[in-house]
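The primary structure of each chain is shown beneath.
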Amino acid sequence: MTDLGKAGLADTALSNTELRRALASTWSAQPGLWGALSTVDHKVIGRRYVATAFVFLALGGVLSLLMRLQLSQPEARFIGPDRYNQIFTMHGSNMMFLFAVPVMQAMAVYLVPLMVGTRNIAFPRLNAFSYWIYLAGGLLLWIAFVVDTGPDVGWFAYVPLSGPQYGIGKRADIWAQMITFTELSALAIAVEIVVTVFKQRAPGMSLDRIPLFVWSMLVTSFLIILAMPAIMIASTSLILDRLVGTHFFNPAEGGDVLLWQHLFWFFGHPEVYIIFLPAVGMVSTIVATFTGRPVFGYLAMVMALVATGVLAFGLWVHHMFVAGLPRLGESFFTASSMAIAVPAGLQIFCWLATIWAGKPIFKTPFLFVIGFIVIFVLGGLTGVMVASVPFDTQVHDTYFVVAHFHYVLVGGAVFPLLGAIYYWFPKLTGRMMSEALGRWVFGLIFVGFNLTFFPMHILGLEGMPRRIYTYQPEMPWAGLNMFVSLSAIVLAAGFALFFFDAIRSARWGAVAGANPWGASTLEWATASPPHPYNFAMPPVVSSREPLWADAVTLPVAAGLRVDRREVVITSVVEGTPQAREASVGHSIWPLWAALATTLALIWSIFSPWAVVWGSIPIAVSLIGWFWPKGAPEDES
Amino acid sequence: MKENIVLDLRELPADGLGTASPSWWGTLAFMLIEGTGFALSIVIYLYLMSLAPRWPLGVPPPNLAAGTALTALLMASLVPNILIARWAREQDLRKVRLGLIVMAVLGIVPLILRAFEFPAMHVKWDQNAYGSIVWVMLGLHTSHILTDAIETLVLTCLMFSRHGDTPRRFGDVSDNAMYWNFVVATWLPMYACLYWIPRL
Amino acid sequence: MRAARVLTLWIAAFACGCSGNQSALAPYGAPAMHVEHLIVAIVALCTAIWVAVMLVLGGALWRRRQPVETEIRQSHLASAVSAAVAATVILIAGMTIASFYTTRSIGLPQRGSITITVRAQQWWWQVFYASSATTRGFQTANEIHIPVGQDVHVQLESADVIHSFWVPSLAGKQDLVPGRSNSLLLRAEKPGVYRGQCAEFCGLQHGHMALMVIAEAPADYTRWAASQSADAMPSLAPDAAAGRMAFLARPCAACHTIRGTAAIGNTGPDLTHVGSRQTIAAGLLETTRGSLAAWIADPQTLKPGNNMPIVPLTSAELQDISAYMESLK
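Protein chains in written order, with the working numbering: chain A, 1 to 636; chain B, 1001 to 1200; chain C, 2001 to 2329.
Derived by calculation from the structure, the hints in this document are not laboratory data. None of the values given here were measured: they were computed from a predicted structure. Everything hinted at is true.
If you anchor each label on the Cβ, the simulated ranges turn out as follows: (1) A:Val146 x C:Tyr2101: 49 to 55 angstroms; (2) C:Arg2111 x B:Val1059: 39 to 45 angstroms; (3) C:Arg2111 x B:Leu1064: 46 to 52 angstroms; (4) C:Ala2093 x B:Phe1030: 37 to 43 angstroms; (5) B:Gly1058 x C:Ala2254: 34 to 40 angstroms.
Under the rule of at most 30 angstroms between Cα atoms (straight-line distance), these lysine-lysine pairs were calculated in the DSS-like manner: (6) B:Lys1002 x A:Lys363; (7) A:Lys170 x B:Lys1124; (8) B:Lys1095 x A:Lys629; (9) A:Lys359 x B:Lys1002; (10) C:Lys2190 x C:Lys2329.
What the simulated footprint calls covered on chain A by chain B, stretch by stretch (three residues with Cβ under 8 angstroms from a Cβ of chain B suffice, anywhere in the stretch; the number is not a length): (11) 192 to 202; (12) 244 to 256; (13) 573 to 582.
We treat Cβ as the ideally placed atom computed from N, Cα and C, and that holds for glycine.
My request is simple: use the sequences and hints to build the entire structure.
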């Protein structure tokens, strides 16, 4: 077999070792700092993204401990009202925009290409750009907080409090622009995921053979695409009201205060499913591996994901049940908010059926799934409670709701995420985390979480509103608040131990093989950690659980070039190969574009002319990005 | 794991075109995002209108001349646009180069007409909520015309350069044409909303 | 074991939650009672559901398995899952219907025989009583009186940002939204003092924006309304009289109204009968001579960021003005 002449050197021309050497040379990043700044390898970017998100998690956790310190006693004087208002706003905004959504997307950036059997994510430079924009948005918010200009209007920034009249200084503008940064980065990844899943799957991987985690990321990406424009428009309108005098939210000039709430929550409700659905995918993956059998009811699980995604857009008014809207309209949203419990319940029942029919292996990832079921079901049930308008009139904006959303977010997203980290850690780093410490982490977090958040249900029913920096000694809340604050220390200890184990294991953990858990999906067919090119030859798939179908031999496709980066393009439904597509190599232009965008966005907090003048560097950097460089990938 | 070759990909084309191209799907996804944004802006318009005692607020309905002329021009531009898409599929470099020059001009002229639409609204953005939403709707669409015009200009330069004659570049031209269809298509409901709903 | 601990906590908490005057679980008004019944029913049902799911989880994890398992029939699993989904649909539908029924039982606010307008401010409650057959209309602040056993229509407005009117022992909450007028039905079945608190984050002192609703026998209520609608009685005590002079001479009158005097400011609460109120500064302090003096001397330490500035007074003026405030019953 010879090379393809002008058409380049194919992998069929090389022996095994030659092939791997050639691929490594074609697909590796440049060395050193330049390499780190210009890499477009989804694994490097994905790991970087996950690590950054966990840094934000730790920072947000510190904020919550500060709040619990201040609330441990009535009329405490540890933190004044201004700083406290910044702290709770930062806690919510940081956790929702800088941790929860990005970390799920980051896991997808790393895992989805591997799970569908391709070599890189679609639009690799956009992937790099997304990370820089995310980092810039996070830095903007935290630097503002450090210099006492952090937003102080709550993570959903209701007008008129955040508007031009009552939101003094630039605090609310910084919040609104942080939104722009994070939504931009999230939308970019969503587009990459959709295109990767639709067009870059392994030959033979028809839609009904893709892993449930990939399905959940696909549905999540569509949610992001359809929901985030709403908050982009909302935050832009807020900045316009504050900066150039528009009247979107000014009732005196035809605007409406509740317009903000409609726009925000039309995004805000799908947002929580954007956080939850990836976790659903993680749970499905872990349940399958640790019961030794596929999840029961693949079709039902996919339908449940899609139904949840669709229904998610029909619930938003349940955040506005006490705003004074017409009763009939509110009743519709009670019905729809209750109805979404059905697909969620279906998923729980399918997992229970899987566990029942399988053989549970009680390793740390699976412990977190058990914790998820205990905590998330409780949170889902309090969700059914707040879906009822009359019930909600008593608990809305109280600690009951704080308890509810922490149960569904921590139980429903963080527990699966922690399990996922223990599970995929060997793939990302080549080493195992500690099973012994893992049990301690699980135990401390499970107990600490319940002791911290369960009493909040009671506090809410006993009349304690949200977002108060202190409370009166004559109220019957002091005892439970002190209990909650002390319990938070247990929870914090669990997380501290987790971080300790993760950092320690990355260097000194037990070396892991390609498939330490005996799992079934394609990422476990690569080395741990994978080579830059992922697969020496693209796998060919003929079942849902390729590595359980054959644990020894991997069917592959030959014929891709090794002297330029190539991936296989396959059809959307059947996964039939259609083309060999060039996959872009390293580039510094995403960083330039991100810097230009950051400059324009931050400048526009202070002047509307930034939109005009700031566009010029952006345009220049985008032209540089897309102009062909004469690389082999630009040939065809 | 051992590898077993079961498929040969060498006969596959070296670049996907149309729906076999990732950038076609990326363009489609971008259209979905922006389309949602346009739809939301119309919803906001209708919402604010539903709350108002009179609409438009305190000013007469917009003057039809500039907006209608722009709409007619955009519709007319679809003809060369569809042609260039076909030429790109056929990978005819000479015709594509000509078509791009035409589309570059047709990308810039609407901006001049658009400049006249803002005063035709009879209201400033900071006068009231009606002024705010109509300026934002016009601004949103203008940013799309502008970015597409710049993209067309860059593509024109590219197709005249040494990098021009590759299937991928022709794919870029056809994606750009598809996006221009979108820019025109999204204008139609915006036009109906801005100019005709106040007259109902 | 953890479940038992959680259950004990729940029971204990319920026990102590059933007291206090700001608890949804200790209702004294018909609207709150309807909601409390719904709360108890739904919580009981959901607890049972959660326990059932945990039992199935426990069974799935720890059921005795044979060394060599025969494959469980797919159809059995499918039946179990389908039955569970069907049960979910039925229970969800039941809870939805119960919720609608509760809303209907509570009824509409507009049927109230008395209308009170509350205008929320950062960070206090402005209250307007319309004139009736027997009394003139009047304004007060932070304390509402209502007759026992009668429906009261509370009209809700806001002067600045969104607030929320919440007296949990009497009714659910409703927001006060600038540019809109909302309504709430308030009703007390027994005489008593019911505490409420702003329940929508409204800025620096959202945490110190409480209000008192005092339900009285109808005769007592009528007497209260009559005395509130009267102008301030000039006090004969020398320190109160001196205080009145000082009040009018100092910036106090620029923000506050005392009907029957030259003070007609309307930025801050109406003080015509401040001495008759149980608390001052929106529920922050009990109304005593000492707390009045402390508040007037330094409102910013007690409620940092609130809109009342520190007005420098001599200690004699402070004493006299506090005496005057206390005398405004």
